[in-house]
Amino acid sequence: DVKVTQSSRYLVKRTGEKVFLECVQDMDHENMFWYRQDPGLGLRLIYFSYDVKMKEKGDIPEGYSVSREKKERFSLILESASTNQTSMYLCASSPRDRMGETQYFGPGTRLLVL
Amino acid sequence: GNSVTQMEGPVTLSEEAFLTINCTYTATGYPSLFWYVQYPGEGLQLLLKATKADDKGSNKGFEATYRKETTSFHLEKGSVQVSDSAVYFCALTRGEYGNKLVFGAGTILRVKS
Numbered sequence: 001d002v003k004v005t006q007s008s009r010y011l012v013k014r015t016g017e018k019v020f021l022e023c024v025q026d027m028d029h030e031n032m033f034w035y036r037q038d039p040g041l042g043l044r045l046i047y048f049s050y051d052v053k054m055k056e057k058g059d060i061p062e063g064y065s066v067s068r069e070k071k072e073r074f075s076l077i078l079e080s081a082s083t084n085q086t087s088m089y090l091c092a093s094s095p096r097d098r099m100g101e102t103q104y105f106g107p108g109t110r111l112l113v114l
Numbered sequence: 001g002n003s004v005t006q007m008e009g010p011v012t013l014s015e016e017a018f019l020t021i022n023c024t025y026t027a028t029g030y031p032s033l034f035w036y037v038q039y040p041g042e043g044l045q046l047l048l049k050a051t052k053a054d055d056k057g058s059n060k061g062f063e064a065t066y067r068k069e070t071t072s073f074h075l076e077k078g079s080v081q082v083s084d085s086a087v088y089f090c091a092l093t094r095g096e097y098g099n100k101l102v103f104g105a106g107t108i109l110r111v112k113s
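Chains A and B, in that order, give the protein sequences. Read in the working numbering, the first sequence has 6 at position 6, and its numbers run on one by one without any break. Read in the working numbering, the second sequence has 12 at position 12, and its numbers run on one by one without any break.
Worth double-checking, as some hints may not be accurate.
To be verified - Using 20 Å as the maximum straight-line C-alpha spacing, the simulated SDA-like pairs for lysine to any residue come out as follows:
(1) A:K57 - B:K100
(2) A:K13 - A:R110
(3) A:K18 - A:D28
(4) B:K100 - A:R68
(5) A:K3 - B:G95
(6) A:K57 - B:L109
(7) A:K3 - B:T71
(8) A:K3 - B:G41
(9) B:K52 - B:E63
(10) B:K100 - A:R9
(11) A:K57 - A:K71
(12) A:K18 - A:S67
(13) B:K100 - A:M54
(14) B:K60 - B:E96
(15) B:K112 - B:S58
(16) A:K57 - B:S3
(17) B:K100 - A:K18
(18) B:K60 - B:L47
(19) A:K53 - A:D28
(20) A:K71 - A:L41
(21) A:K3 - B:G43
(22) B:K100 - A:G58
The hints are simulated quantities; they were obtained by calculation from the structure and are not laboratory data.
Model the full assembly from the supplied sequences, consistent with the hints where possible.
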């Protein structure tokens with residue numbers, strides 16, 4: 001079974017803190033994704049990585065950065081957390097570039113920024 | 001760019017009722033289409049998919065047919081159960097490098113016993 005794990009299910013942080021969200025997949029997938037999920041907006045892509053050390057901005061990258069030093073691990077970094085970054089964050093992975101390939105999701109991290 | 005619109009919820013049904021959740025899309029080329037489901041407290045999981053026109057995806061009693069002429073991929077189930085209560089997302093490939101998806105806003109389904 002494909003497994004995507006996220007380091008925390010719930011996080012509470014203060015405004016201005018640096019926040020790290022970690023994601024690990026065990027299926028040797030090339031592609032990894034970070035989304036945020038907000039009611040009424042669905043999932044929006046923050047960043048995408050297609051290989052180690054390779055990344056692309058998604059639709060809403062402002063205020064975020066990412067790191068992919070190993071193939072199985074993709075980290076999302078909030079450089080200086082703000083209250084408008086309170087959200088559910090979902091990580092996903094998929095094999096490289098076969099159109100129609102499924103994305104596999106982690107359980108999500110619910111982040112509250114106070 | 002490619003986009004998807006799905007019906008707003010919440011949708012509330014009684015057990016054994018018929019379910020339809022509408023999904024329409026705009027796209028260039030020939031996207032693949034997906035329905036993902038999110039059960040309470042969990043991440044998304046693939047429910048079904050279709051990769052070309054007229055394909056029917058099916059799983060767990062749910063079905064959806066890729067209709068290019070109406071640009072639709074409506075989700076249906078003949079008899080819903082309480083355990084189907086979840087959020088359902090329609091999605092399609094963007095046609096860009098990397099198998100990226102664009103998601104609809106999600107439809108909450110509540111099934112009462």
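Checked hints:
1. Between A:K57 and B:K100 the alpha-carbon distance is near 12 Å, which keeps this suggested pair within the 20 Å criterion.
2. The suggested pairing of A:K13 with A:R110 holds, with an alpha-carbon distance near 11 Å, which does not exceed 20 Å.
3. Annotation: proposed proximity of A:K18 to A:D28 is violated, straight-line Cα distance about 29 Å (limit 20 Å).
4. For the hint linking B:K100 to A:R68, the alpha-carbon distance of about 18 Å falls within 20 Å, and the restraint holds.
5. Taking the CA atoms of A:K3 and B:G95, the gap is near 26 Å; set against the 20 Å cutoff, the hint is violated.
6. For the proposed pair A:K57 and B:L109, the alpha carbon gap of about 32 Å is over 20 Å, so the pair is violated.
7. At roughly 33 Å between alpha-carbon atoms, A:K3 and B:T71 are farther apart than 20 Å, so this suggested pair is violated.
8. Restraint check: the Cα-Cα separation between A:K3 and B:G41 comes to about 16 Å, which is no more than 20 Å; the hinted pair holds.
9. For the hint linking B:K52 to B:E63, the alpha-carbon distance of about 15 Å falls within 20 Å, and the restraint holds.
10. Of the pairs offered as hints, the one joining B:K100 and A:R9 is violated, with about 24 Å between alpha carbons and a cut-off of 20 Å exceeded.
11. About 18 Å separates the Cα atoms of A:K57 and A:K71, which keeps this hinted pair within 20 Å; it holds.
12. Proposed proximity of A:K18 and A:S67 is supported: the alpha carbons are some 14 Å apart, at most 20 Å.
13. With a C-alpha separation of about 15 Å, the suggested pairing of B:K100 with A:M54 holds against the 20 Å cut-off.
14. Restraint check for B:K60 and B:E96: not satisfied, since their Cα atoms lie roughly 30 Å apart, outside the 20 Å limit.
15. At roughly 23 Å between alpha-carbon atoms, B:K112 and B:S58 are farther apart than 20 Å, so this suggested pair is violated.
16. This hinted pair checks out: A:K57 and B:S3 have alpha carbons roughly 18 Å apart, not beyond 20 Å.
17. Between B:K100 and A:K18 the alpha-carbon distance is near 27 Å, which puts this suggested pair outside the 20 Å criterion.
18. Taking the CA atoms of B:K60 and B:L47, the gap is near 8 Å; set against the 20 Å cutoff, the hint holds.
19. At most 20 Å may separate the alpha-carbon atoms for a hinted pair to count; A:K53 and A:D28 meet this at roughly 15 Å.
20. For the given pair, A:K71 sits about 30 Å from A:L41 by alpha-carbon distance, which is inconsistent with the 20 Å threshold.
21. For the hint linking A:K3 to B:G43, the alpha-carbon distance of about 11 Å falls within 20 Å, and the restraint holds.
22. Between B:K100 and A:G58 the CA atoms are separated by roughly 9 Å; this keeps the pair inside 20 Å, and the hint holds.
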